[in-house]
Amino acid sequence: MLEEIILGIQVVSQPINILFCFLGVLMGTLVGVLPGLGPTAAIALLLPTTFYISPVAAIIMLAGIYYGAMYGGSTTSILVNIPGEAASVVTCLDGYQMALQGRAGPALGIAAFGSFIAGTISILGLMLIAPPLSKIALSFGPPEYFSLMLMGIVILIYMASGSILKAFMMAVFGILIGTIGQDAISGTLRLTFGIRELYDGVGLIPAIMGLFGVSEVIINVEKTIKSEVITRKAENLFPTIKDWRESIGPILRGTILGFFIGILPGPSSTISSFTSYAIEKKISKYPEKFGTGMIAGVAGPESANNAATGGSLIPLLTLGIPGNAVTALLLAAFMVHGINPGPMLIPKHPDLFWGTVISMYLGNVMLLALNLPLIGIWVKLLRVPYPLLFPFILLFCLIGVYSLNFSQVEVTIMILFGLFGYLGRKFQFELAPLVLALVIGPMLENYLRLSLIISRGNPAIFIKRPISAFFILIAVILLITPLIPWFRKKREIITEET
Amino acid sequence: MQPHLYDRIGSLFFLIVGLFFTIYSQSVDIGNWHQPGPGFLPLMAGLSLGGMSLFLFLKSFNIKKKKDFYNFFPEKKSWKRVLLTFLGLGFYNFTLPYLGFGLTTFLFIFYLLRFIFPQTWKRSLWIALNGSIISHIIFIEFLKTQFPKGIMGF
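Note that the protein sequences, when read in sequence, are chains A and D. The opening residue of the first sequence carries number 0 in numbering that gives the first Met the number 0; numbering runs sequentially from there. The opening residue of the second sequence carries number 0 in numbering that gives the first Met the number 0; numbering runs sequentially from there.
Bound-form chain A, shown alone (with noise of 0.2 Å):
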């Protein structure tokens, strides 16, 4: 593992790697800190400009945004009671009770410290664990890839918030929408109309971005926005020794958690954060003072969320298969790039893995140094008017699909699933599974036909092979459960939670 390390230490050193990781966890902690524009948006806008850069220097810059935006996401919600992220909401609760009592540099400052070692420890299991999950799954075939993709799909329309079965009928219309285009397998053209541009299949960074970019900019537009004044000062960033004995625990026992439930499809920054203040509230001796300013309730989550993004990383990279939004759009980005994720990632392209992996790194130094001394910075663009941001923001994505094939058909594209996405937010339909299954699903449908054929049109192909069952009955439970009053129960306080 040694030569690795050092493989991707030479990666990163290059300067052009070294400037894509500053820009990309800038523009994560950017993100992060701004309401109303998450990482998944800010990932689909930038997604186009890669295309002038190695893909070892766009995988560094988007996985920056990612975990950046995890660091931003807790100066809002400690500063102004807004969460810049969904994965930093449950921090407002005793983050910014903290800063109401004048301790908001202590919050900010455990939550950068503990998002860096979060950050750090689950880089380390990121390196320890993809490498031999990789070699396990160079022994799949068609049927297991099919079986763990269900697996993953199933698994986030388990997680989604609100209705199972909306979650599941936006997973299938993903699905359809990815059967357009010509069939990898015959060669037949579907649903193409003539039109060129479908010929490869509905774009995924148009339609991503739509869903994505333009459907967030439409919602904001919706409502007047009014900036907050911000007047709190985050003075003496760091944490006492005291804050340290009552953060420590709960910093080590978010990284472990949000780490295992990173590696889960579904959003897992979100569910570790929440989990990980149910956990330190439960384990506490004074339960009862969390929510009024317990700098356990800001170590803990922040970690969390922060360990996830590792963890989230491992299904992408070993097995090709993400698990949430941000880690598709990352999938997007490796397949515009001409790689495949999955278990050849490593021994075809040590470079790319490990000079990420090492970026990470890097980008955790980077962010510690963004978000401690330049707080004051960040907080001053709480006051841009998102009136005077969205048509940028919008702009952005105009040129961005057009400058993918300077064809005015993917803009359209765009518009349309932006439409869509605007709308099925309305609807309540969720995007993730949506999204998810759009990537996917050309592999999907390729796998599934494989399977069938090897078999000979024996679809017991899924059960008979033991690794196959065991994802289809994860599958098979999750789908069943939510009929059992109990599990329903169980699962709607979960999701009204995330």
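No wet-lab data here; the hints were simulated from the structure. Certain hints may be false.
Mimicking SDA-like on lysine to any residue, the simulated pairs with C-alpha atoms at most 25 Å apart in a straight line are [to be verified]:
| # | chain 1 | residue 1 | chain 2 | residue 2 |
| --- | --- | --- | --- | --- |
| 1 | A | Lys425 | D | Asn61 |
| 2 | D | Lys58 | A | Phe426 |
| 3 | A | Lys134 | A | Arg244 |
| 4 | D | Lys143 | A | Phe395 |
| 5 | D | Lys148 | A | Gln407 |
Ranges between beta-carbon positions, derived for each pair [said to hold, decoys possible]:
| # | chain 1 | residue 1 | chain 2 | residue 2 | range |
| --- | --- | --- | --- | --- | --- |
| 6 | D | Pro117 | A | Ile476 | 50 to 56 Å |
| 7 | D | Gly50 | A | Ile376 | 52 to 58 Å |
| 8 | A | Thr239 | D | Thr94 | 57 to 63 Å |
| 9 | A | Val364 | D | Phe54 | 49 to 55 Å |
| 10 | A | Glu287 | D | Trp120 | 53 to 59 Å |
| 11 | D | Ile150 | A | Asn404 | 22 to 28 Å |
| 12 | D | Trp120 | A | Asn404 | 34 to 40 Å |
| 13 | A | Phe391 | D | Ile22 | 53 to 59 Å |
| 14 | D | Glu74 | A | Lys134 | 53 to 59 Å |
This one's a predicted model, so the numbers in the text were calculated from it and none came from an experiment. Glycine is no exception: its CB is placed at the ideal position from the N, C-alpha and C atoms.
Chain A is fixed; fit chain D onto it per the hints.
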């Protein structure tokens, strides 16, 4: 609008989509279990979506009315802003080849600033002008993106 109406409208949309794909799959080779063709998954998924939509549609009649009532648009002027923003996006896409990158970008930013959350004329013009110049520098001069020049030549 009440939640059951949202579900009813949503389910009807997906029912149509499901039926469309189911019918469409007949026009390409569906194949069989031994040799599934390009129409196999559209058929299966189309039928599933249709079935689930039908279930949601029927279920929507079972939702208790007069509960959780909420407006589709949060404010009175929301619909105007949403419509105008989509029109702006359509305008940009449609006019880009004719008016060119610089002018279209300027008009687009100006339009959104002036008419969505109305800024003063002066402010809108100033930001739109700067925004289009900076975009030109970044995307055309720096990134060398080949955008149409249009009738104005920029």
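Looking only at beta-carbon atoms, does the pair threonine 239 (chain A), threonine 94 (chain D) fall within the given range of 57 to 63 Å?
holds, 60 Å
Falls inside 50 to 56 Å, the C-beta gap from proline 117 (chain D) to isoleucine 476 (chain A)?
holds, 54 Å
Against the range 53 to 59 Å, how does the distance between the Cβ atoms of phenylalanine 391 (chain A) and isoleucine 22 (chain D) compare: consistent or not?
Given range 53 to 59 Å: violated, Cβ gap about 43 Å.
Quickly compare the C-alpha distance for lysine 134 (chain A) and arginine 244 (chain A) to 25 Å and report which way the hint goes.
At roughly 40 Å apart (the allowed maximum being 25 Å), arginine 244 (chain A) and lysine 134 (chain A) break the hint.
Between tryptophan 120 (chain D) and asparagine 404 (chain A), does the C-beta distance stay in 34 to 40 Å?
holds, 37 Å
Glycine 50 (chain D) versus isoleucine 376 (chain A) beta-carbon gap, inside 52 to 58 Å or not
holds, 53 Å
If you check the beta carbons of isoleucine 150 (chain D) and asparagine 404 (chain A), does the distance land in 22 to 28 Å?
holds, 23 Å
Given a hinted range of 49 to 55 Å, is it respected by the beta-carbon distance of valine 364 (chain A) and phenylalanine 54 (chain D)?
With Cβ atoms ~52 Å apart, the hint holds.
If you draw a straight line from the CA of lysine 148 (chain D) to the CA of glutamine 407 (chain A), is it 25 Å or shorter?
holds, 15 Å
Should the hint that glutamate 287 (chain A) and tryptophan 120 (chain D) are 53 to 59 Å apart at their CB atoms be regarded as holding?
For tryptophan 120 (chain D) against glutamate 287 (chain A), whose Cβ atoms are near 57 Å apart, the range 53 to 59 Å holds.
Would you mind confirming whether the straight-line C-alpha gap from lysine 143 (chain D) to phenylalanine 395 (chain A) stays at or under 25 Å?
holds, 16 Å
Would you check the hint for lysine 58 (chain D) and phenylalanine 426 (chain A), treating anything up to 25 Å between C-alpha atoms as holding?
At roughly 15 Å apart (the allowed maximum being 25 Å), phenylalanine 426 (chain A) and lysine 58 (chain D) satisfy the hint.
The earlier numbered hints that this structure contradicts are 3 and 13.
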